[in-house]
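Asker: Mind assembling these two chains? They're in different frames, but the hints should get you there.
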Amino acid sequence: MTNSNIGTMKTGYAQKRKAADIAIYIILSVMVVIWLFPIFWLVARSFDSDKVVAADHIIPRSWTLDNYIGLFSGDSEYSKWLLNTLIVAICSCVVSTLIILMISYAFSRLRFKSRKTFLNLGLILGMFPGFMSMTATYAIMSLFGLNKSLLGLIIVYAAGAGLGYQVSKGFFDTIPRSLDEAAKIDGATKNQIFWRIILPLSKPIVVYTALTTFLSPWGDYIFVNYFMKDETENWTIALGLYNMVVGNNITEQFTTFCAGAVLIAIPITILFIIMQRFYVAGVTGGAVKG
Amino acid sequence: MDFLDYAQMTTGQKIVYKIGAFFRGIPGAIGHLIAIIGNFFKSIFTTIGNGFVGYGSRFKNGDIGTKLSYIVMGAGNMMHKQFAKGILFLAAEVAYIVFMFSFGFVYISKIYCNGVDLGDGKGPINGAIGHVIQAAGADSSSGFVSGSFNKPVIDNSNNVLLFFVLTLIVTVAFFAIYIANTKSAYASQQLIERGKNPVGFFEEVKDFLDERFHITLLIIPSVLLLIFTVLPIIFTIFIAFTSYNKQADPNAEKIYWWVGFENFKEVFASTAGTSETFGKILVWTLVWAVFATFSNYILGIVLALMINKKTIKFKGFWRTAFVITAAVPQFVTLLVMRCLLFVDGPINQVITGLGGSAINFLGDMGGFWPRFTVIVVNMWVGIPYTMLISSGLLMNIPEDLYESARIDGANAFQQFTKITFPYIFFVTTPYLITTFVGNINNFNVIYYLTTGGPNPRGYTNGAGQTDLLVTWLYKLTVDQKDYNLGAVIGIIVFVICAAGSLITFNMSKASKNEEEFS
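Chains as they are written, first to last, in the working numbering: chain A, 4 to 293; chain B, 35 to 552.
Extracted from the complex, chain B is given alone in its bound form (with noise of 0.2 angstroms):
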């Protein structure tokens, strides 16, 4: 179809005719997505390798300042007047070759040990994260032991790693502000060729209130999450590879010790029932994202248009009456709930009162109950939402589309599965896959009615039947300490998260109409 038929439309087909188009468009979108994979990747590596583009050019084509630069930063600016910028330079070499020798390179050194011997009986440990150097007279080797002269000086394993990422991190800031260096030194060079007075430094700060302001805006939050943020994922990528857990705990005064992909093999295929176990929840925690999202999408938005019907009066005390149980915070109701379904909860009261016997709603051993129960605890807590949400939307759809639905014939129910729910469906999937996403790591829902439990046989390492990996991943770390096999879990649930957030990144609104008002 070309734009003349499209325009000819009445405003109904154009929006059936949308609507058609998005659905055809799915099979294309999971292509896009594979497509949106391999461009991240491009688009990190174009961004290090731009940082090389003319590195060598501007090399051959520099002055001597320029060249100095090269070894010597900020070189090119002093010989070129700028002065204040070039001292900067300096001083960021001169502070990162200090940082490197009284701490980097230490760190770096000990990331990797061989032989390392803590003096259980276990003989030496190859690849261990940090040193023990044994008391004097243990080894003579060692020499200098200082403090205790019977005890072995033990490196703190999580503090090694910890620097050592930390290292990697600098180094990479620094070879950033290195670049900076020498396209500096160059363009100053170039200006002064061509009979300019290099740009002075005052003009300079203040070109990040104006032309730069974004490195202004960005710097804080930059090193925050760096140090916060980044630094921890990494370092937790990291564990994933090594022996850190109860037996092997640095807070114990141990080390631990690279094991390779030894984690991941234990998750996926051991026989020691972690695997089964990673299986089970795994499964569940799909059902339960599936059921979670779906119950409540649907009950909410045919509960929303129960209220906005036009017959119905009172539209605002419905409303409100539902708001109101949104509006409680989550955890209050959540801790509510769990009272009032304990086994010998106000419930079961009722229950064993009307001459039923008591369920153990959130306990039951038999694997229906508990999970049925945070189901349906999820719909009370979540459906007032999307009533709140569709609420909106549903006032949005345009009159005459119904208008022409009833000439043509159209019964209510038609009018619903034909307009009311392909609109609202093409509306809300990017918040429908945020939800689904979202309830893949609804921790709270989980752990403040359950805890994750019961658990029975069957599961190990401290799971139980209504945990999801991530409250399982939340128990591995807080309650079993087994660090490595949390962050394995770690891993997998950003890989599963990672997969649908991107299709709703490639499919929202806010990424396709983004220079739309431009």
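Just chain A, same shape as in the assembly (with noise of 0.2 angstroms):
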């Protein structure tokens, strides 16, 4: 084979894969914007003073705040949501973090009788369906006069977290067993260990199971609406952002939608991005080490 010839072979070769390239380049272009369009769309149209819903235009013709104005003024009561969903996020992330830490660290690192029974009954009940028995949920909290309002839906969502102690167990059974014993040695108790050892070397278990027991309430539809029904000022900002768009009220009150969705889109997806690679190490079980 002579030297010319390899070099032509080079240049398909390269062709070849340029040409790959590009059609990778229009493929990915092609889908960014499909991605990116109803985000783009709902953040335009929340400046927009053309309130309905299939404008003919995308970018607004005339711009405005009227939109973000009227979240907190008149008799919205969005800001009203948005604080009681922070309160609750607030309070069910610091009781099911702690309840989730402790499950997991009791099953991880602790050897006692019937805990394989225990993991079994957790991973049993963690299979019926979250809303299931809500009807008995609010009974019960009927009987403690705790229906319709913020402090039962804390507690049914932080009762419910103990149940999620799948991921952060993973990440205790991978600290080193010698830890533990050498500080045992050293006259340890078991909760020492757990307070001085092992929780600082937990850092990034517990960022994650805070961030996910502080998101989750944000989305949740199911309960809220089953617990408050009509009491709009207890809601959270799920439901009332809902009831904006569901049936007729959409014609009256889609910009303004738009303009409480992105408000509470904002802090969350910053949120989300900071937290992507707790979330990626989270899924795969610490498959993926970055």
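Worth flagging that the hints you see were computed from the coordinates, not collected in a lab. Where hints are given, some of them may not hold.
[Stated by the list, open to error] Keeping only pairs whose Cα atoms sit at most 27 angstroms apart, straight-line, the calculated DSSO-like set for lysine-lysine is:
| id | chain 1 | residue 1 | chain 2 | residue 2 |
| --- | --- | --- | --- | --- |
| 1 | B | LYS76 | A | LYS119 |
| 2 | B | LYS240 | A | LYS116 |
| 3 | B | LYS343 | A | LYS21 |
| 4 | B | LYS240 | A | LYS187 |
Answerer: Dropping the structure here:
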């Protein structure tokens, strides 16, 4: 084989590769447009003074901040919903994170009789649809006088969180046991090992657990709708926004919905982008590093 | 193949061998699944059985204190100088007895009442949950009636059933304490017989921060789970065997009663259309789960491959663009899609503008468009997630695998089918099955987009064409107030998910390598 032959082969290969790359660039660009369009549309329409859903334009003809102002003035309950969601999210985040860490630490690092039974029970309980027993939960809350209250909602979220221990248990499993043993020889109790050795080593999973439990009440519709029903002042943001675009409300409140959605999407989007690597590690059970 | 053959392989061959072993293991995994279910019940019964181990022999070998503690809890501990512990046990017994006589027995007696007459002309009902005490004059035998003189006093069936389940749970908990009491009495007796001092109360309390730390950690979560998860689930399972619906609603001062397997019969083999609706929804749920899972999975991996291809530039830009769509809260993007696809919405505006006829994406009665749309929108929602997850995995594939494949003359397609795909599939199988089970339970995508509709003829009980079992369960409970049918559907969803999840748990790395780092 002569040198020139190799040369033509190389250019042929390079051309083919280039064609493939261009095709990929085109596909990716089209996909990005499709994927970002609805978000762009949402943001653009939130500044639009034209309230029609099917307006014949995407970029507003006349820009306005009225939609945002409308959220916080008049008889709008948006700020109330925002505050409710924030209260519920913060409280249930604190309680749930504690509960999840306690359960997963016990199952991961401690060895006791009937541990396997409890693990299996947790697994089985987790397989019932979460809201299947909603009627009963509601009846229990009514007995305590907590139905239609935010406290009831917090308790429901926190109690349900106990079953989401798998990810953090998996994390605790990866911390070498020799650490516990060394501390034990130095006279530390298991309580001290938990607070002083394991927790400081587990910052990523504490952050992941806190963020997921903080974010979940923002999107929940099922329990809020069933618990609060017509008590609009106790609604959370998801239920409030849902009601803006269902049925005939959409013609009146569409652009207000856009503004409300943009406002809460911004902080949550930022949170998610920051925590995406924890998210990936959580889902793949630590198979991915980084 | 023995270990020596395996050890002599290159890294590439080892991985290929392991992947092959994984696929060869699938039939075994299914067999294992059956074994797991058996083991689960075995472990529950052994735990219960363990409580009885030595129950008799402890009594036989026990001194008078230990023997007494079989009737008067804590007596053994008190006679063995453990006063504080003894008093706690005794207090538990007294509390349980008071609880049962003032509360528990009342609801146990009301759980199955015969000859209950609601006074609505339907005659007396047998097997009712709760009593109806007729107003004075209407029924002289019932005696005292508080409050109104005209209206009968009707028990709230919900409360009766709730308190009945609560009594069951308290009884089980008390039984555990009772067994612990006999063990503790015997243990302290043995210590004294060996000439040692019984463990002091404060030392024992301290132990809850060390050797018995698991009890300290688990007690609060367990109580919360018992009251707000276990109790409601047991209650709901009972509901599946009752007549609790809008005609027999305690909230409307009615009573419900036990009906045996009637509700299961209605779901599986009724003539009224419920079972037909159930069949359609079950099929659609499975079709949806298959399409939603695999479309996202395969296209997400393809997207990740395109972005991660070596010669492609601006990787960060492409990634971020897609991650943003995954980061926006799902209910926001779903509601935006609902607005976009609205029958008079912007997308249809464009279609009619181009001279086409508007498509009722979310409400077309034909059955094709709404289903097609939810699957496509779900792809829009889910592909970025898969891309995010598989991107990390792609970077983990050892480069020398591709190197040796290229030397052997494999082209890009062969490299994908022989290396990339088997590797990713191997690592993500647990994720794939969790996603599948998650899609069976995917309430949000369906409810925010179509609310389960449209509802053409042939669908009863409020169901619609895009309803999954879970959204139908929600509608049955909230809108239709057919609580009993909802409970049956819940049990069916549980059975489907349990089968899926057990396979996942069985195959997942976490359960196999639990002790690897120990």
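Asker: If a hint holds in the structure, say so; if it does not, say that too.
Answerer: Do the hints match the structure? See the list:
1. Proposed proximity of LYS76 of chain B and LYS119 of chain A is supported: the alpha carbons are some 11 angstroms apart, at most 27 angstroms.
2. The straight-line distance between the Cα atoms of LYS240 of chain B and LYS116 of chain A is roughly 20 angstroms, inside the 27 angstroms bound, and the hint therefore holds.
3. The hinted pair formed by LYS343 of chain B and LYS21 of chain A meets the criterion: a straight-line CA distance of about 12 angstroms does not exceed 27 angstroms.
4. The hinted pair formed by LYS240 of chain B and LYS187 of chain A meets the criterion: a straight-line CA distance of about 15 angstroms does not exceed 27 angstroms.
When the structure is compared with the earlier hints, no violation turns up for any of them.
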